[in-house]
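Going letter by letter, the sequence shown gives residues -17 to -1, 1 to 199 in mature numbering (1 follows the signal peptide of the UniProt record, and there is no 0).
Everything labelled a hint here was simulated from the structure, so no lab data went into it.
Only a predicted model underlies this, so the values are computations on that prediction, with no experimental measurement involved.
C-beta atoms are modelled at their ideal positions from N, C-alpha and C, and glycine is treated no differently.
Honestly, I wouldn't trust all of these hints.
Computed Cβ-Cβ distance ranges for the label pairs, DEER-style [what the hints assert, rightly or not]: (1) 117 / 75: 50 to 58 Å; (2) 63 / 149: 37 to 45 Å; (3) 99 / 154: 29 to 37 Å; (4) 167 / 40: 33 to 41 Å; (5) 168 / 77: 31 to 39 Å; (6) 113 / 154: 33 to 41 Å; (7) 40 / 17: 15 to 23 Å; (8) 31 / 166: 53 to 61 Å; (9) 64 / 161: 14 to 22 Å; (10) 128 / 168: 38 to 46 Å.
In silico EDC-like links for lysine to aspartate or glutamate, alpha-carbon gap of 20 Å or less [as the list claims (entries may be wrong)]: (11) 63 / 166; (12) 91 / 76; (13) 138 / 119.
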Amino acid sequence: MKIVFFLPLLLVCSFSADQTETPLQPPCPQDIHAVLREMTASLAEHKVEIRTLKEHNKGKVLSQVLTEVPLVNITQISIKQVAFSASLLDQGDGNTGPFNTETTLIFKHVVTNIGNAYNINTGIFTAPVRGVYHFEWHIGANGDASHAVYALLFKNGERIFTAYEVQPSHYVTTSNGASLLLEVGDQVLLHLATNSKIYDNQNHLSTFSGHLIFTM
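Modelling step: build the complete structure from the supplied sequences, incorporating the hints.
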């Protein structure tokens, strides 16, 4: 920023009716030097004030950046760590189903729930961040020609994939998986199909898992 000063030089002329023109009086050098010294001192003070303000602002900005960056990093790291894994029964053994309507499966034995996106009370996974997630489910039951081992993956009420198997005897298993692009708040869950059943015991044979692959 440049500061320009204009120094008006006042020339005083005097006339009289009975005299001819008198010579011009030159300005006093001492007065001009005094004014220049005052201006120089004032300009120096302004420069010091401007420099001080700049340094103060730089310090404030740097302090703010150093404070905010760690918070951003912590939030990003926390959000990117999303994973869960659970089995159907928390204790005991037995079948879930058959039922005469589709039923939400609640996997109660949770071994991992990083980010707390899986709700142990409802069986619903809710995406905390926009990104691609991968889900897998492995289910089984004793063979029964009348009741299949049958579970469906849903995203926001839309059927995505199915795991199905039926046989009259012996133990039967089935599984499936899907990678889904989820928005924040999207919900993923498993339904037990109508007239189907799933078995689990202390060995945790029937499981549901999911994790965040990457954010978008």
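Consistency of the hints with the structure:
no.	hint	verdict
1	117 / 75: 50 to 58 Å	violated, 30 Å
2	63 / 149: 37 to 45 Å	holds, 40 Å
3	99 / 154: 29 to 37 Å	holds, 33 Å
4	167 / 40: 33 to 41 Å	holds, 36 Å
5	168 / 77: 31 to 39 Å	holds, 34 Å
6	113 / 154: 33 to 41 Å	holds, 40 Å
7	40 / 17: 15 to 23 Å	violated, 35 Å
8	31 / 166: 53 to 61 Å	holds, 55 Å
9	64 / 161: 14 to 22 Å	holds, 21 Å
10	128 / 168: 38 to 46 Å	holds, 41 Å
11	63 / 166	holds, 14 Å
12	91 / 76	holds, 13 Å
13	138 / 119	holds, 13 Å
Against the hints set out earlier in the document, violations occur for numbers 1, 7.
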